[in-house]
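Number of protein chains: 2
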Amino acid sequence: MLKYLVAVICCIFSFAPLFAQQHQLMPVPKEVIWGEQRFQIDKGFHVVLNDTSASRAGKAVVRFLRRLDNRTQLLINKEFFRKPLNGVGPYLVIQYDRKGLLKPGEEESYSLQITGDQAILKAATDIGIVYGLETFLQLVASDNLGYYVNGVTINDQPRFVWRGLLIDVCRHFSPIDVITRNIDAMAMVKMNVLHLHLSEDQGFRIESKVFPKLHLLGSNGDYYTQEQIKYIIQYASDRGIRVVPEFDIPGHATSWFVGYPELAAAKGPYSIEKKFGVFGPSMDPTKKQTYKFLNKFLTEMCNLFPDEYFHIGGDENNGKQWDDNKNIQEYMRKHNIKNNHELQNYFNGKLLSILQKNKKKMIGWDEILQPGLPNDAVIQSWRGKEGLKEAATKGHQVILSNGYYIDLVQPAWKLYANDPAPSDLKLSDNEQKLILGGEATMWAELVTPENIDSRIWPRTAAIAERLWSPADVNAVNDMYRRLDIMNIRLEEIGVQHIINQEMMLRRIAQSNEITPLLNLVNVVEPLKDYKRHSQGIPYSTDLPFTRLPDIAFPDAKEARVFKMLCEQLVMKKDTTAKIEIEKQLLGWKNNHNELALISRNIPALKDWEKLSLLLQDVAAIGLESLQKMNNRTTVTDQWVTDSNKKLKEAALPVQESELMVVESVMMLFQYALPK
Amino acid sequence: MLKYLVAVICCIFSFAPLFAQQHQLMPVPKEVIWGEQRFQIDKGFHVVLNDTSASRAGKAVVRFLRRLDNRTQLLINKEFFRKPLNGVGPYLVIQYDRKGLLKPGEEESYSLQITGDQAILKAATDIGIVYGLETFLQLVASDNLGYYVNGVTINDQPRFVWRGLLIDVCRHFSPIDVITRNIDAMAMVKMNVLHLHLSEDQGFRIESKVFPKLHLLGSNGDYYTQEQIKYIIQYASDRGIRVVPEFDIPGHATSWFVGYPELAAAKGPYSIEKKFGVFGPSMDPTKKQTYKFLNKFLTEMCNLFPDEYFHIGGDENNGKQWDDNKNIQEYMRKHNIKNNHELQNYFNGKLLSILQKNKKKMIGWDEILQPGLPNDAVIQSWRGKEGLKEAATKGHQVILSNGYYIDLVQPAWKLYANDPAPSDLKLSDNEQKLILGGEATMWAELVTPENIDSRIWPRTAAIAERLWSPADVNAVNDMYRRLDIMNIRLEEIGVQHIINQEMMLRRIAQSNEITPLLNLVNVVEPLKDYKRHSQGIPYSTDLPFTRLPDIAFPDAKEARVFKMLCEQLVMKKDTTAKIEIEKQLLGWKNNHNELALISRNIPALKDWEKLSLLLQDVAAIGLESLQKMNNRTTVTDQWVTDSNKKLKEAALPVQESELMVVESVMMLFQYALPK
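In the order they appear, the protein sequences are chains D and Y. Under my numbering, the first residue of the first sequence carries the number 1, and numbering increases by one thereafter. Under my numbering, the first residue of the second sequence carries the number 1, and numbering increases by one thereafter.
Please note that the accuracy of each hint is not assured.
Copies of one chain are not kept apart here, so a pair can be met inside one copy or by any two copies together.
[Stated by the list, open to error] Cut-off 30 Å, straight-line C-alpha distance, at most; resulting in silico cross-link-like pairs (DSS-like, lysine-lysine):
1) 230 <-> 389
2) 531 <-> 59
3) 83 <-> 563
4) 326 <-> 563
5) 99 <-> 648
6) 645 <-> 78
7) 389 <-> 326
8) 426 <-> 296
9) 213 <-> 78
10) 563 <-> 361
11) 230 <-> 209
12) 230 <-> 296
13) 287 <-> 531
14) 389 <-> 296
15) 209 <-> 557
16) 359 <-> 287
17) 59 <-> 230
18) 230 <-> 274
19) 78 <-> 274
FYI, nobody ran anything at the bench for these hints, they're computed from the structure.
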C-alpha cells in the first residue's frame, strides 16, 4: 500500500473503490486522504482541549467520550486535558478559533489529521468541532488487535448551508424526548436546522403566555412549554443546530380558532380537527384585530426563538371561508384586491412587517411567492423543482423540500437522487447561490412517538449526505452499504427506529413468539405517496397507529437485497445467486404455517394471514420459476396463466401495505418463460 | 361448566386451578367469581361515563380506549358517552362517588361486573376506577371469534395502603420520560407511591429557586425543573399515584456542599462525588445557619410537593466529619449530647419541627429510630425485619424496603416471598396496622436510562402483587406464568425493559448479527447483592454501563425454565423432559462457534467469548450426563474429576456476571453418577 493515496479533490471515494469498500463515513467528507498508520485507541486515550466542560466544544467532547466508551468499553477517562498526558496513551487534540454563530453561511468546516501518534481536529468554529467529533466516531473500527482509527487526513465542509429536518408536531405530537433524540441523530449526520411545525388544524403545540387559550384549548394538553422550547433550543445549539419555528397561517389554523374564534373568517365555534387534509378555516385577513393579535403573538414567539428565520407557512389556504364572507368580499372590492391570492399576499405583507420589526427573515411555502413579495422572503419549495427555479430566478433564497417528503415512505435511493441544485435546472451562478439547501419533512398524519423514528431514520441520513457531500457522491449501492452501518450507529444516541418494531409485533401477538410476523413484515412496506388515504380507512388522530403499515419499515432491506440477487441472476446471468434466492424463497414459503399458528387466535392478524398466504404463493412461483429456468419446456400455459394471476393479486395492497418481493419474483417468472 | 363457580372469599385462585390456568390478572384481585358468558368486544364498544375528559376518570378512560384499540385495532370510538348508545355495541358503564384523595388509607376498592350484555365498573373514588380499568385491560383475551372478556364479577381492594417504588435519580439521573413511563407501569400493577430520592453525594436533582447553587453546581446539569416536577406530580396524580420526595440528610449530602460548603461539618471545597459507597461529608447539625437554610429550602420543597409525607433520609451518616470537628465536639459536651446518634436525633428533631410547621409527616430510614423520636415519624425499614418490628412495637408507622432492593437483582420469586407482615413477626393487631406496606427500591449506582427499566420490570410486578393481593396468593409458578404475560403488556405503555437489550447488543457487535450473543446473554445474570463492586472494576458514574452485566436481565427466564426441566427429570423422574433438555444443551454447545465469529474482531466481546466457552463446556457435560444416565457404568473417575472441575470453574463470575445454568447441569451431572 502506498504511504498516502493521492487525494482526488472534491470526491475521492468515487475514484477510490478500494477505500470505498472500507470506509464508514456518512455523509462523505469533501476530501479524504488515507494514511497507512494505525491510531490505536486504548484505555489511555484522552482528549486535549483548552476549554471548559460548559462550552459547546467541551460538552461535545463529554458526549463523544461517553459514546466512544459505551461502544468500546475501554474505561477511558471522561475528562479532557489542557495538554497531552505524557506516556499515558494516544490523544486527540482539539483546536478552534471562535464560537460559531447559528446562522446559515457560518463557517462549518473542519479538518481531521490522524497519524499513529496523534489525532488533531481543527476548525474555525466550535460547530466544526462538533462535526469533526462525529466523523472521528464514524472512523472508529476494531479487529483482533483492538479498537483503532485508520490514519487519515480529512478536509471537510458542506455543499449546502441549510440541511434541515422538519418535524410536524401537530398532527401527532412528539414529546420532548422524541425531539431531543432526533436532534442527536441530526447531529450524527451533520444536519443543522430543526424546523418545528408548531401549529395546525389538528393542534397548537406551544405555550403562549400572551394568548394562553391557544395551547390550552387548541392542543388536548400536548404542547411544549416555553421552558421546554428553551431547553430544545439549547440542546440543539449545543450540537450546532438551529431551531426554526413555523406557525402555519392563514389556513391550517383550526386549532387557533378553538380558543380565539374571532380570528377566523367564519363564525365558530371551532373544535380541534381530527381528520387529515385541507380544511376551510382560515384567518380573516381584513380585520385589524387579526393583526393586533398576530403582532402580539408573533412578537412573543420571535423573542422566544433566537433564530433569524421565522416560518409563516402560507400553504394550502383554500379560500372557502374568504369567498363566503361578505365583509371580506366587500373589503376586497373596496381595496381593489382581485382574488384570494392577492388577499393572501396582502396578509403576508402584514406578517412580513411584524417579522421585520422583530428583525426576522420570513420563510413561507411555495404559495407565498406572489407578485410584490419582498426579495428577502425565503421560499420553501414543496410542490416541485419549477417552484424552486421560479423562486431563485425571482431573487429569493430557497430551500428544497419537494422530493424529501419522508412521510411518503419512498426508498432512500430516491431521496438520495434528489439534488437541490441539479445541473439541468440551468440556473445562473448567482441564482444557484440562492439555493440554501433542503429539508426532509416528517409530516405526522400517520406517525406516533412509537414509529416516527423509523420514518425519519435511517433514510434521512441519505438526504443529509445529499446536502453535505459533493454532488458527485452518488453511488447508490455504496450509500446503502453505509446506511446499513449508520442504521445501527443511530441507536447509540437513543433513536428508537429499530427497537420499537418488535415491541409493536409483541403487542399484536400478545406474545414473545413473533419470528413469523417479523419474517413477513421484513418484506412489506407501507403504501407510498398518499395512497394509504384511499384504501377505505378513515384516518384520523383517533385511529390506532399500531397496525401493519405502521410497523413495516419504509425501504424494506430484505426485499432490496432479494431484488439485487434476482437482478444478478436474470440480468447478469450470474447463477451463483440461485442458491441464495432459493433459500430465501423457501423461507417465505414455509413461513405461512408458522404464522398461521399465531394468527388464528389473534383477530388483529387476519390481514397478516392474507398477506402471508400471498407471500407463500409468490414464493412458490419463484421456486417453480427457478426450476423451469433449467428446463423451459416444462412451462405450461396453465402455469403461466395461474402464476400471472397470482402475482397480480399479490401486487395489490393489503391493509395499506404492499409485498415488496412481487416485482422481483415477476422478474424470475418472466426469465423462466421460453424465449 | 357450572353457571357460576362459587367464590372462595379472600383468594379464589389458589382453590380454583381451572381458572388459575386461564386468568391473566396481576396483581390477583381480592375476590373473583367467573361467569360463563362472553363479553364480546367489537368496533361498537363504548364507555359510558358522566364526566369530562379533563377529570381523572375521564383521562383514564381516554388512555384505556387508546390502549385497548392499539392492541385490538378494532377502530373503536375514542370518546365516551353519558348513556349507552342503543344497538351500537357492547359497553362499559363507569360509576364512582367522589374524587379520590392522594393519601394512604384512601378508599381504593372497585368492583367489576361483566356479563354478556354489559360491563359495570363501580368504585367509591375515581382512583378505584383507574385500577378497575387496568383490570379490564388485563382481562381482554382473543380467539378466532374475536376479542372478548370472560364474564366475571370482581370485588377488589388492596391489602396494604402503601405500595411504592423508589427511584434513585441521583447516582444516575433518570430523565423525565423514564419517570413518566415508570409511573404508567406502576399504575398497571396498582402501585400508588412514587418515592423520588432527589439528593445524594452524586447529584442534587431538583431545581431550587431559593438556593439555585444546589442544582446548578450540584448536578452536572441533570436535574428536574420545578415545572417538570409539577408535571410529574400531575401525571402521577392522574393515575392515582402519590409522589413522595426524599432529601437525604445529614449524610449522603456531598452534592449540597458543592454550592454551599458552609452547610458541611468540614471545610470545603467539595465536588460532586463520582464513586459509590458511604462518604464522610455531613451537615453540621450544631450551626444555626444550617437550620435557617434547611427551613427555607424544605419549606420551598414542602410547597412544591403536595403529598403529606416528606422523606428526610437519615441513613448511613458515618459521623467522621462530626468526630473531627472541634466545634461540634464542644457543642455536644455543652449540650450533653453523648454520641453521634443523639446528635443526629437532635438534628432530626429540628427537621421534624420544620416539617410539622409545613403540615408534613416525616419519613426516614431505619437510622432515625432513636429514643425520643416522636410517634408520628414514619420509618422506612431497609436493614431487616427486626427494624420493622421494632418500629411497629414502638408505635411508628412503617414501610418495608428490606428484601425489595431490586437493584440487587434477586429473582422475582424471592421478592415475591417477602411479606411486609408475615405471621411469624408476632405483632399485635394494632402493631400490624402500623405496617403501611412496602417499597421496591431502584438504587441507581449501576443503571442508566438504557437499562433502568429492565432492573425495575417485570420483577416489581411481583412485589406489587405481594402488596396488593391477599397474603395467601403465593403460588410461585403461577406468579411467573402471569409475570411473563405482564412482561409483554408492560411494553404497551412504553417501558423499555425488553427493547433496549438488543440495541445494546448491536452497539457492542456494531452489527445486526447478534443471535449468538443473545443466546448467551439469555442464560446470564449480573452478579447479585453487592458482589459486582468487589470484582476489580472501579465503578463510578464515569464508567460505561453498556457491558455484559448491564445487558443481561435479572432472573434469566431461559435458565429458570431449564432448571424446571432438569428438576422434572431428576426429582420427578419424568423422562419426557429429556428431549427438551438435550435440545437446549445442544443449542448452547453449538452456539460458541457462531459467537466466536462475531467476537474475534470485537475486543469488547473478549469476556463474552470466555463465558461462551464455559457454556460450551457446561453444555457438553450436560449432554454427557444425559447419556451416562442411561448407562451409569460408563462413568469414569476421570470424567467425574474433569467435569467437577469444569463446573466449578463455570460457576465463577466473568465480567461481574454469572452463568445461570451451571447449577442445573450440576444436578444432571450428579444424577448421572452411579448411586
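A quick look at each hint next to the structure:
1. 230 <-> 389: Neither: 36 Å inside a chain and 50 Å across chains, both beyond 30 Å.
2. 531 <-> 59: Neither. Shortest intra-copy (44 Å) and inter-copy (34 Å) distances fail the 30 Å Cα cut-off.
3. 83 <-> 563: Close neither inside one copy (53 Å) nor across copies (56 Å); limit 30 Å.
4. 326 <-> 563: The answer is neither: 59 Å in one copy and 81 Å across copies each exceed 30 Å.
5. 99 <-> 648: Neither. Shortest intra-copy (59 Å) and inter-copy (59 Å) distances fail the 30 Å Cα cut-off.
6. 645 <-> 78: neither (63 Å within a copy, 41 Å between copies)
7. 389 <-> 326: Neither: 37 Å inside a chain and 81 Å across chains, both beyond 30 Å.
8. 426 <-> 296: neither (43 Å within a copy, 70 Å between copies)
9. 213 <-> 78: Classified as between: cross-chain Cα gap 24 Å, same-chain 46 Å, threshold 30 Å.
10. 563 <-> 361: neither (47 Å within a copy, 68 Å between copies)
11. 230 <-> 209: This pair counts as both: shortest intra-copy Cα distance 14 Å, inter-copy 18 Å.
12. 230 <-> 296: Both: 19 Å inside a copy, 28 Å across copies.
13. 287 <-> 531: The answer is neither: 39 Å in one copy and 73 Å across copies each exceed 30 Å.
14. 389 <-> 296: For residue 389 and residue 296, neither the intra-copy (35 Å) nor the inter-copy (64 Å) Cα distance is at most 30 Å.
15. 209 <-> 557: Neither: 47 Å inside a copy, 52 Å across copies.
16. 359 <-> 287: Close inside one copy (24 Å), not across copies (54 Å); limit 30 Å.
17. 59 <-> 230: both (17 Å within a copy, 28 Å between copies)
18. 230 <-> 274: both (29 Å within a copy, 29 Å between copies)
19. 78 <-> 274: between (48 Å within a copy, 11 Å between copies)
When each numbered hint is compared with the structure, violations occur for hints 1, 2, 3, 4, 5, 6, 7, 8, 10, 13, 14 and 15.
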